[in-house]
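K.L.:
If you want the building blocks of each chain, they are given just below.
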Amino acid sequence: MDIGSHFNYWVVIFLMMAGFYTVISRGNLVKKIVGLNIFQTSVFIMYISLGYIEGGAAPILTEGTEVYANPLPHVLILTAIVVGVATTALGLALVVRIREAYGTVEEDEIHKQDSSF
Amino acid sequence: MQHHLILRVVTRFVLPFILLFALYVQFHGDFGPGGGFQAGVIFAAGMILYTLVFGLDNATRVVPPSALRVLMASGVLLYLAVGFATVLLGGNFLSYDTLAENAKDGQHYGILLVELGVGITVTSTMIAIFYVFVGRNLPSDDTRAGS
Amino acid sequence: MIEFILDLIILVFLLVVAVTVIRLRDLFAVVMLFGIYSFLSATFFVLLDAVDVAFTEAAVGAGVATMLMLATLALTERREKRPTHTPLIPLMVVLATGALLVYGTTDMPAFGSAAAPVHTHVAPHYLYESPKEIGIPNVVTAVLASYRGFDTLGEVVVVFTAGVGVLTLLGFSRRERDESENS
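Protein chains in written order, with my numbering: chain Z, 12 to 128; chain X, 37 to 183; chain B, 106 to 288.
Everything labelled a hint here was simulated from the structure, so no lab data went into it. Please note: incorrect hints may appear among the correct ones.
What the hints assert, rightly or not - Listed next, the in silico DSS-like pairs over lysine-lysine satisfying Cα-Cα at most 27 angstroms (straight line):
hint: 1; chain 1: B; residue 1: Lys186; chain 2: Z; residue 2: Lys43
hint: 2; chain 1: B; residue 1: Lys186; chain 2: Z; residue 2: Lys123
hint: 3; chain 1: X; residue 1: Lys140; chain 2: B; residue 2: Lys237
hint: 4; chain 1: Z; residue 1: Lys123; chain 2: Z; residue 2: Lys43
Please take these sequences and the hints and turn them into a complete structure.
P.N.:
Here it is in structure tokens:
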């Protein structure tokens, strides 16, 4: 196996794990959502990498071009990006409500308040 | 943002181009990169810029929240309506061949309408979400935080 | 070759930004870095011939998502508190997951290979039959709106539902609510 041919995937996996680590190790809810978004964007890069063909063109048909990148991952990710921002907004709205109810967005402090009831 | 003169002038200058570009992306999506999702987000980004520079009060005068609520639903309904129209015309759900005499023309109309529906919903949802977040941020809102 | 070098530079930038996001505790900087991260990935999508996706990512990631996060920061706190737990368990989980994923890539086809299984199923049909069946040059739009129209309908409904969810959680501005209460 050639290192150069899989290098892209490994970098993407590192980025995914960076996002994942942020989600599970940080207590701040805003930071968790940023981590989740980094994870998500890395998955997008993974998908688009899979659709890439060396020497291909963007999938807009023109005369005289034979090889195009695979359009299917593009379609899936295109919609996923917009859905992603809508769901991120929902998550952020929940964070705002949590802040209003508990006065903090740190997970530990929220747990402490919950257990004192 | 009342004092940022340069920002206000530049925004006023750039905004028509952003909105026009969004419309171009919307209706040129068949031939170049673009489509309803991109156009919706670009249009919303233009309105967000306007809201940031000129304030929520002016923005809600341009695009009132009540209109946004209607538009959010009407985009989805337009999409569904195209789907049911193809069924009523004797085709499968969302197979646009039946929309016109010629199958290719039908596909063109179908894609145009569906992308329009997508664009309307995405634009209005993004603007509505931004309004809601900024609306929470009004200084006089702070008193409500504890209640 | 030049493409490979550009590819490498952007990937290195992405790595640096991702690691900095983990380390920084100033959330304003974190959010701005996330905007940069999105913009870099949009540039990367252009290199990988995904112009439509790059377009969306640039408008969404660097525009709307960053603005929403900044608006949230204005409503919450700007600084993250020092983490109280040791990062040992999360680190082990992440390392194990990462190792498994890297192991998984060894079976994957080489990056950019035209013979990869993903290019042999429906993609050739979309690319070479759509001029006859749909008749528009942008294959991404053709697949999005026509071949996979039902899928896209679902996505639009998800966007709509998320919007309704946000409106339900936060409501429109105070002024409008006051008016409806007074009337």
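K.L.:
Checking against the hints above, which ones are violated?
P.N.:
Going through the list in order, the structure violates no hint and respects every one.
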